[in-house]
Every structure is written in C-alpha cells, then in structure tokens.
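Chemist: Take a look at the letters that make up each chain.
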Amino acid sequence: MSTAATPVLVARAIARGYRGVRALDGVDVDLAAGESVALLGPNGAGKTTLLTILAGVARSDGGTVTWAEDAHPRVGWVPQKAALYPRLSVRENLRLFAALEKADDPDALAGELIGRADLGEYADRAAAQLSTGTLQRLNLAIALAGRPSVLLLDEPTATLSPDQRLRLWEWLDELRGGGMALMFSTQSVDEAARRGDRLVVLAGGLLLFAGTAAEMTATHGGGGPGAEAAERAFMRLVSGRGEDGAR
Amino acid sequence: MRAALLLLRKDAVLLRRSPALVLVLIVYPILVALLVALALQSDERRPDVAVVNLDTSGRTVAVGGNRLSIDDYVNRLAEDVDVHRLDAADAADALDAGRVSAVLTIPENFIADLQSGVRQPALRLSTSRRSPIEADAINRRLEAGVYRLNQRLATGYVEQVLELVDLVTNGGEIGIFGRTGNALGLKRSRTLVTDLQAELRAAGDAVTAAQLEPLVNFIDETQRNLDLAKPAANAISAPIVLDVTAGAPGREPLSAFGFAGALLVSLGLAGTLLAAAAMSSEREDGALVRLRRGLISAGGLVGEKMAFTAVACLVVGLALLGGVALFTDLAVGRWGLWLGVLLLAGLAFGSFGVLAGALARETRSALLIALMVALPLMVLGLVPDSGVASAISEVVPFGPAFDAFQTLLVEPSIDAGDLLATLGQLALIAAVLGTAAAVAVRRRSAV
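Residue numbers (the numbering used here), protein chains in the order written: chain E, 19 to 265; chain V, 444 to 890.
None of these hints come from the bench; they were simulated from the model.
All C-beta atoms in this analysis are idealised placements derived from N, C-alpha and C, irrespective of residue type, glycine included.
One or more of the hints may lead you astray.
So the derived list for chain V, only partly shown, Cβ under 10 Å to chain E, looks like this [what the hints assert, rightly or not]:
#1 Ala446
#2 Val456
#3 Leu629
#4 Arg633
#5 Arg735
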C-alpha cells in the first residue's frame, strides 16, 4: 500500500489476539497528513482493535507503528462511547481535559472548542443531559483539546441521525482542510466511499483491501452505479475471503 | 502531580454535586456509628458472671474505717454484673455451656493476704472465648471494680500509715494488745537528748555529751525518712491484682471502645465504598480510556483516589469526633494526632476501595465487592486478640486503624513508638494495596 503524500503514520504487520482468537492478523495501514482513511468491515472485523492500538489504548501482540512527527505524536482519540464525565458541564469537561493536556490557557481553549463544536447553548449543561449528536460533538471536541494532528474515530456516526451525521462531517471536513489526518471506522460502505480518500477493508482480523473506493469497485464490483457497485464490491470482498481463504 | 490535583478537584466537584451521596456520606456513618456503639457498648445488658469463693475464713479487712468482707466485695461486684455464686466445678460447666460469660475466682486466704500486705492477693478471671467482645467488656468492668476497691483499700492503708508516722514523730497514746501507753515520739526524744547534752557540757563533761551525738543524728535521720513516708504511702496503688486468664485485658471505658468500633465501621465503609465508586466510575464513564493515554499514570490515578478518600475520611471523622466531643461525655482530645491517624486510615481504606474499583468492570460490582469483602474484615478487626482472625485483620487496613482509634480514644498516655508502628503498618498496607490497584488499573485499562 502506498500514498502520494508523506505518511504521518505507518503501521506494519499489526497483530492482536484475544483468548486464542486472532482479532488482527498482520495488518498494514498508512495515513498521510490531511488524508481521510475509512476502516470498513463487518462486526468483529478488527476495526476497533486496530484503532485502539493506533491510539495507544491497547497493546498489539506484534508489528510496528511508526509516527512521522515525533516519539509522542499528538493523536486525538474519539471512542464510539463518549469518554467524558457525564455530571460535569460541557465547559467543565473541556476545561478539565484541556488542563490535563497541559494547554497554556485551558479556559480559553475550552471556549474556542465550544465555539468550533457549536456547543455554545449547551456550555453550562451537564454532559448527561445532551442529545446523542451533541454528546458526540463534545466527545470530538475533547479529543481536540490536545491539539492533535491525527484524529482516530471509532464509528463516530453510528448512533447519529442523518442531520447530526451531516453536521459532524462538516466539522470533520473543516478539520481535514486544516491539514489534520483522519482515520475512522464505519460499517457503512456509502459513508466510507464518500468520506474516505482511501478505504481499508477488514474482516476476521485480516486486511482484505486497501485503496480508493473506485479501485475497489473496479476490482471487485463488476460495474453498475457507484454506490451499489461499491456495496457489491465490499460484499464480494468480505464473502470472498472464505472462498479462497486468503486476502 | 498536576494531573492528580486536577482530578482531585474534579472528584470534589462531582461529590458536591451529588447531594444524595453527600447525605449518605454524612448520615450513613453517623447511623452506623450509633448502631455499632450501641451494639458494642451494651450498657443495658449486664453480663452473667459466676463467682467462686475459695476464701471461707469469714475474715474482714479494714477499708477506710469500715470492714470489708468477701460478701461485701461480691455485693459491690453485683452492681456491675449479674453474679451467680457457684462452686468451681459448676462454674466451669456454666462457662463451657455459655450460661455465664466469665468466672471470677476469689482465692483461699484472699482476706488474710490482703491484711498482711506481704503477698498481693490475685482475683482470677476466666472468660469465655465464645464471645470475645463481651469478654473484653467484662474484663473492663471487673478491672474498673478492682481499681475502685484498690483505691479505697489504698486510702485506708495510707490513713493508718500516716497515723503511725504522726505517733512516731510527735508521740501520743498507743494501744497494744489491749493495753494503752504513752509513746515518747521523735521530737520529744530529741529535745530530751539535746537538753541532757547541754547539762553535761555545763557540768564540764563534754566527752559524755559528745557520746550522745550519734543518738541525735539517728533521731534526725529517722525524722527525715519519715517525712518521705507520706508520698510513699500514697504510692500504694494496687493491693489487689486481677489475673485474667482468657480474653483481652482492655482497660478502656466501654463507651470509648464502642466509639472506636463505630468510627472504624463508619469510616471504613464510607471510605472503602467512596474509593471503589470513584475508581470504577472512571471506567464506567469511559474517561479512563482518555486518562490512560498519557494524561496520568496508573499510580498517579490510584494515588489521587486514595488522597480523595483520605480527605473525605478526615472531614467525616473530624465531624463525628466533634459531635461526640460536643454532645456526649466521652473525652476526645489529641486533635493533632487525629489529623494524622484519620488521613492515614483514609489512605488505607482508599487503597482497599480503589483495588476493588480497579478489579471490577462496573461501579455496581465494585461497590458489591468492596462491601462484601470489607464488612467481614472489619468485624474481624473489632474482635480482640482472637488468633487467626486478628492476624487477618492486621494485614488489611481495619485492624491497625481500630488499634490507632482505640489508642487515641482510650490510652491515658500514648507510647509514641507503638503509635508510630501502627501508623507505619497503615502506611505499608496502603502502599501495598495501592500498588496492586495500580497494576490492576494498568492491566484493565488496556483493551
């Protein structure tokens, strides 16, 4: 797998097992600055495991992760379940995590993030009282408190309504425009094709495909309209793994 | 350190925003303290004690102008306990069967030994191992009774000694074997001798006058020694010894013992549960995932929860002590030492709770584990000197914490070495459990 731009992240032969089951088996993945990579796969494919290893939340059993920037890259982590304090207000959550990230002025950064996440009207409301979409925006805002250059998101839109999803992607596109690299997991082929510059398809812990949506469709789709062809290509990839037993 | 302080502040804010939890944290320890104090104090229930009297002489001993017999002593004992006069065999059976909680044996020649002052008579107390707490309470009651009797006997002795000292010094009427006579006394003896010396010197017999000088010196020396008799007599403090053959020889007033137990159970439970909840809610809220990505170390997080618990225990403990000092007649002091003891006990309770919180996946499970493990261990901590149970309670926070609470509430004078050893034990337990909790956090927070 190769990318045109210089990769900020190069992961090779990442492996992880849980009680004898291989959750990841020698997966390679790259991520370049300003790029958006979609991790696509069914339940149990290994998407979350790969993201948690890259985020430093989980250990890998094998393989290497190399960051282009420095030994401690600024990586923002957005888990699927919001990771915050429900009984603190939006502002208090942001201020606390900004202070923990050693921001020079945690109050100012919290205010800035509230503005960027469009959370002004909820700033003094307890996180527990927020709707799912608003909570996800706060979850993302907290991940940005460390001023990351790479953002890893685990199924960020899984529980969102269409309008909430759209709003979130508008913000993520804005971040990408500023040079931030995104890697997100999803089970939606359509979302992966539309929001990802490249797709990484996983199933059963194996890397099945890495490339653009057009390449996937051309290689495995067999023609037809774009969205449907991508869907068919994905289905063939996932089911095909069982037929030949290899990537 | 900065991250730990930020999280400490966050925990304090969350606690303040949970009025129900604050209420539970304050009201619950008070309720538990009341219940435990009542259970341990058991003032209303008089223990059954068998008395075996082996001194059948019928003799009496003078006590402050009155005569004391065995019957008098047993009657006074009956003011504190329900007395059952039994022979030795029946008393042993009753103790075995649990019909009495203790057997008090008055030895042969008890009164005679008391009168002679040559041999210290010893009352023998055998307590049941069925109920160590009650045995401890009986020990304390009987020791208090013996102490009061000793005081009265000592007072009588002192009065008699001082009368004799006065007679030897100043002279006066003395009765021996039914006859009365007049004792000269040291002061008058000295006057007679010095007058005689003066007359001899006036008569030119200085040699004979000088030969009388050692007698004058002897009188002066005797007088000086008798001047020391009064404080020496006052120093007589324990004519009778209570020889306890089983159970723990506590000396504290029962109310202090009860309150120390109440403090242990209330602070122990509140601290353990608070720490377990604080730790496990980090995981349940999902924040642990973020924190462990380099924002704070596992040890730092565990330390923060322990410190949070210690501060909470300090506040609640001081509130309980203040309430007791204000509204009861129990003497509470040593506030400076209490600060250290409550903080260290809180750290140790916190380490125990944090470990439960780190091992459990959910807050509910953490609270259940903490409660189910801590409660029986606390009960073991309350049981005095009971072999294996005591040994177990000494390796968890509750045994040493109870020792420290008792020391501050009860001991008339504190042995600094003993107290430091107890506090060191608490610190060691906190360090060991805290380290185990940090390992658990490190392992469990990694997916």
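Chemist: Does each hint hold? Answer for all of them.
Modeler: So, going through the hints one by one against the coordinates:
1. Ala446: Holds - the Cβ of Ala446 (chain V) comes within 10 Å of chain E, reaching about 6 Å at its closest.
2. Val456: Hint on Val456 (chain V): holds, closest Cβ of chain E at ~7 Å, below 10 Å.
3. Leu629: violated, 86 Å
4. Arg633: violated, 89 Å
5. Arg735: This interface hint holds because 7 Å falls under the 10 Å limit.
The earlier numbered hints that this structure contradicts are 3, 4.
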